[in-house]
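Visitor: Please model the complete structure; the sequences and the hints are all you need to start from.
Order-wise, the sequence lines are chains Y and C. Here the first sequence stands for residues 1 to 207, where the numbers follow the working numbering. Here the second sequence stands for residues 208 to 670, where the numbers follow the working numbering.
The hints are simulated quantities; they were obtained by calculation from the structure and are not laboratory data. We treat Cβ as the ideally placed atom computed from N, Cα and C, and that holds for glycine. Do not rely on the hints blindly, as some may be mistaken.
Using C-beta positions, here's what the derived DEER-type ranges look like [unchecked claim]:
(1) C:F289 to Y:I8: 49 to 55 Å
(2) Y:Y12 to C:K277: 55 to 61 Å
(3) C:L354 to Y:E175: 47 to 53 Å
(4) C:N490 to Y:Y12: 39 to 45 Å
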Amino acid sequence: MEPQAKQILRLYGLATTRFHWVKHLRDLMKEAHAIGYPIVMKVVSKQIIHKTESGGVSVGIMDDKRLTSDFNKMTKLPGFEGVIIEELAEGLELIVGSKRDDQFGTVILVGLGGTAVEVYKDVAIRLAPTGKQEALDAVLSLKAAPLLQGYRGADQVHLGMLSTLIVAFSKLAHELSETIASIDCNPVFCSSKRAVIADARFMFKEL
Amino acid sequence: MTFSANVSKLFKPQSLAVIGVSLSNPFNPANVIYNKNRHRFSTKTYCVNPKGGNIYGQKVYTSISKIPDKIALVVVSTKADFVPDILLECISKGVAGAVVISGSFKESGRADLEERIKEISLKNNFPVVGPNCLGVFSPPHADTFFLPSERLVPVSRGNVSIVSQSGGILVDMMIKLAQEGVGISKAVSIGNKAVLDETAMLQYFKKDPETDVIGIYLEGFKSQRGRVFISEANRSEKPIVIIKSGKTPGGTRAVSSHTASIAGDYRTFSEIVRASKCFEATNESEFVSCCEVLSAYPGARIRKACIITASGGHGAIASDGCHRAGIDIPEIPEVDQKELTGKLGDGIKSIAGLSNPIDLTGSAFDDDFIAAVEFFMHKKYVDCIMLLLLPYLPGITSDIGARIAEVTGVSKKPIIAYMPHVDKYGIFIEGFENNGIPVAHSVEGAVYMAAAIKGSGFETSNH
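Guide: In structure tokens form, the structure reads like this:
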């Protein structure tokens, strides 16, 4: 689930959004105030893979009232084990993932992320672990590359931080390949200041 | 899994034994192999059948051990069950390697037999091609394809070597390359690839001085072998063209991650191959075009093409294709346009379009094309010439291919020609191909060729 996934990512030096895993209403307000509004709330559940489609994501919470009501709604979702509340990150949404491929071993994927990732399928796939230049080349091979490079006056994404994140992620994916079938870090928010993983999911191999 | 020293003996054996010839059926695969090698190849060839006797007036040995001479290569064409023991006997006789053409192994539920072959091979450092394959085609040394020579088109000697998981596809490709005037150095069908796979063959062909271009037909890598292959390919000085079948999207399983869903088997293959030094051909015609152009210009790397044509439409289609393929069509400076005008015949001076694409019009003669090609051979802003010719125009003669080849001079910039491929224009096409200039079947084919030498990733020209 997301909290554990983010803890593993942090162990490998990967930047994730600041978050707290809140299981009870009584802790909600205190943790929310510690992070500060605006806040994103996401359900924690083993039964839900794609949280957005299940009503398990609430973005842009600005006050205590909505915080409480959204929490109460999420308690009714299947497999509810609490929520994650975290800072609202900004930037271009990318996906950085990995999978264990039968022919090539562990491969990593980087592409345009968010909820429409499977519509655009604008991704590059490389062998893990990957070097920094190779990671950068993969990012720049995307159709969406101009969006990362300051399209129409927008801020340019910090490509150095992004490729560093991809390199560290590829190392993690390679090292954990015996147990993990696939990882999605989606979205990874990329801006001119940072590249930060806002959500992650590990799919373990079937035993 | 490296047999580098011994693999060369598979392709250049001093002597050959075919095990499993029939005493009664002349069309038995082993008999076809025995006959063609005995009659057409330089290697001393023997045959084996446990019953002994004679065929075609030649002695049939009852076992490999009974052959008095040293044997370098054995072709095994027996029932699958007998193969492991035969290999062990070959090893004790000191044979250098084997081609197992027999089938009925893993593909028929006998993975155990195939595993046994693998064990024997690895334990004894004994290279095995197959099973379930055609084996090696390596003129003038040996040809283990069980196809009568007279049923195949003649294949000329050349610098392209082909590795294929399918024997049928391999022969088809050889025929198609032969039709384009492309010579073959060696070909190998690896079948079930129990031991020697595409990576082992790549290792050999990388070092083979008679091979400049390596073409590979692949259905899939065995577990993890893709990674080893890519690492080997990235250290190749020679261009590698790959075509893969089995592109249907795999990997999508009921509930899965986005990554596993998008990165299906083929998408992963294609992405990783394209990020490597290999060139992926997406269909057979592209594969043949790539091998043809790389055979002519294996060390070339181009970015900027000049299109010379007699038809504005052909020029426009080629220009569009080059744009999609990332090949520049540079502007021709006005001063050069003026200079070139001076070299053209009076009939077209005022009507030719001299911005790239160069449209010499339907009134152009051979001399005009030759003048234009020679002119751009010396221009630094052009590193490849695409010559789109229409042989039905009255001013173009069948001499044009040979004359164009003459003016390529020392710069040796790649020239890619296009001509409609119908029998009527065969003499025009041969004029180019016999002089080492590849000719595409279509304008798109010419673009495939240009893209192949753009994508081959080699900085220095060795031609």
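Visitor: Could you work out which of the previously given hints the structure breaks and list their numbers from low to high?
Guide: Checked against the structure, no hint fails, so every one of them is satisfied.
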